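Going down the list, the sequences are from chains A and B.
Going by the working numbering, the first sequence opens with residue 1, and the numbers climb by one from there.
Going by the working numbering, the second sequence opens with residue 1001, and the numbers climb by one from there.
Quick caveat, the hints were computed from the structure, so don't treat them as lab data.
One or more of the hints may lead you astray.
Beta-carbon label-pair distances, calculated as ranges [stated by the list, open to error]:
no., chain 1, residue 1, chain 2, residue 2, range
1, A, L225, B, N1048, 31 to 41 Å
2, A, I90, B, L1002, 29 to 39 Å
3, A, D167, B, Y1032, 41 to 51 Å
4, B, I1010, A, L193, 21 to 31 Å
5, B, I1010, A, D167, 21 to 31 Å
6, B, N1048, A, P231, 41 to 51 Å
Model, not experiment: these values are computed from the prediction.
Don't be surprised by glycine CBs; every beta carbon is placed ideally from N, CA and C.
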Amino acid sequence: MDIFIDWIKTTGIYNLSWENLVMFALAFFFMYLAIKKNMEAYELLPIGLGIIIANLPMAGMAVFDSGSGIHQSSGIFGVIFYYTLSFWNILPPIIFLGLGAITDFTPLINNPKTLLLGAAAQIGIFVSFWGASLTGYFTLKEAASIGIIGGADGPTTIFLTSSLAPDLLGITAVIAYSYMGAVAFIQPPIMKLLTTKSERNIIMKDLNPVNNKLKILFPNIAMFLIILIVPRSAPLISMFMIGNILKESNVVPRLVDAASNELINLSTIFLMLTIGTQLNGPKVINVETLLILGLGLIAFAVGSASGILLAKIMNLFLKQKINPLIGSAGVSAVPMAARISHHIGQEENPNNYLLSHAMGPNVAGVIGSAVIAGLFLALIP
Amino acid sequence: MLNKAVDLTIFGITISFLLLTILIFFIVIIKYFDKKLNNSKVVKQDSNYDKVLAASVAVTLIESELEHYKSV
Chain A
1 MDIFIDWIKT TGIYNLSWEN LVMFALAFFF MYLAIKKNME AYELLPIGLG
51 IIIANLPMAG MAVFDSGSGI HQSSGIFGVI FYYTLSFWNI LPPIIFLGLG
101 AITDFTPLIN NPKTLLLGAA AQIGIFVSFW GASLTGYFTL KEAASIGIIG
151 GADGPTTIFL TSSLAPDLLG ITAVIAYSYM GAVAFIQPPI MKLLTTKSER
201 NIIMKDLNPV NNKLKILFPN IAMFLIILIV PRSAPLISMF MIGNILKESN
251 VVPRLVDAAS NELINLSTIF LMLTIGTQLN GPKVINVETL LILGLGLIAF
301 AVGSASGILL AKIMNLFLKQ KINPLIGSAG VSAVPMAARI SHHIGQEENP
351 NNYLLSHAMG PNVAGVIGSA VIAGLFLALI P
Chain B
1001 MLNKAVDLTI FGITISFLLL TILIFFIVII KYFDKKLNNS KVVKQDSNYD
1051 KVLAASVAVT LIESELEHYK SV
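Chain A extracted, bound-state conformation (with noise of 0.2 Å):
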């Protein structure tokens, strides 16, 4: 009897609590908006799957165990959590240089300015990293990794929290992953509440085609510029820029074909997972999570919103002028915010095609936010 006690007590169902039923709902909330809504699928279905595993009483595959010297007593994802993103760091980086290898400088190199729309969104990030410092309840490292959200780049988030706040990884990365998957709806009543109707018509002038040339000096400059200036932002911006200019010199196109497949897809199943399994329900339901999925939302809001005040302000200067919808788009999210500029653009004319227009704001957007993360990580003791 004993015996059967004991084991009684080994088992997940002995040992489950309701944070981890709250946990399960969550995961096959992910899994619904992942397979039938098809919103951020590559992140949001692994992400759930990770959070069911870490969810499961007694598996410990999320366990991390350096000290005990017991064999085999920490849990695949523990491993991977621990190398890749506590201790080194390096998934996000690596998913950089396959999303480097997948990006056209055309529409930046066109339209220059829209580089300080990408800068305008990323005040966003500075209102929450505020906020959360006013709460009380967060140090400023923990207030920068959630301000961080706001500038809804997946990657970078999970770069500065692994570096900064490691405890807030999983609750960063998803809120941060869910907002993107959501900008359909968080940005449009923002977009036509801060726009009129005549400057949600303003067709801009169609792209000229870029030299090669250009293509590859831009990455180049970039890259001295950004990491001689900002360091501590090197890992995301050297590899960002490396991937690109693999990509712009057409010389190596089974590289490039690897970073932007292979190499991100291993990284994303691993990190995805990975960053599901630190969800472990008495862990993040708490009043913190509470505040940061409110905080990450006002930087979400803030940035879009800051984008589109930013280009109504530059129209009063300029000749040609800029539709503002496309300022949204500097919140980088790429490419669902440029997608959501264009389409709203649509609604008001249909021969209105800002979706190129709105892909530079987007990329200066990951730019900006990668630099704002090597600010937080130089400048955060």
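Fit chain B to the supplied structure of chain A, relying on the hints for placement.
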């Protein structure tokens, strides 16, 4: 902590705008030089074209002079 947050906010926003403005400046410069380089190529092509045109006009003139000479 709040003072540090204020400093970081002001500094962070300034640096990101400054950095991206410098990038804009570089894009404008490389586009300018690229355009100038392309224009100089066009000018070169034009001057060749003028020379070829002048030569072909000269040849036509000589041919017509020759035709005239033969007829006389």
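Inset, instruction - Sort out which numbered hints this structure fails and list those numbers smallest first. - result: none
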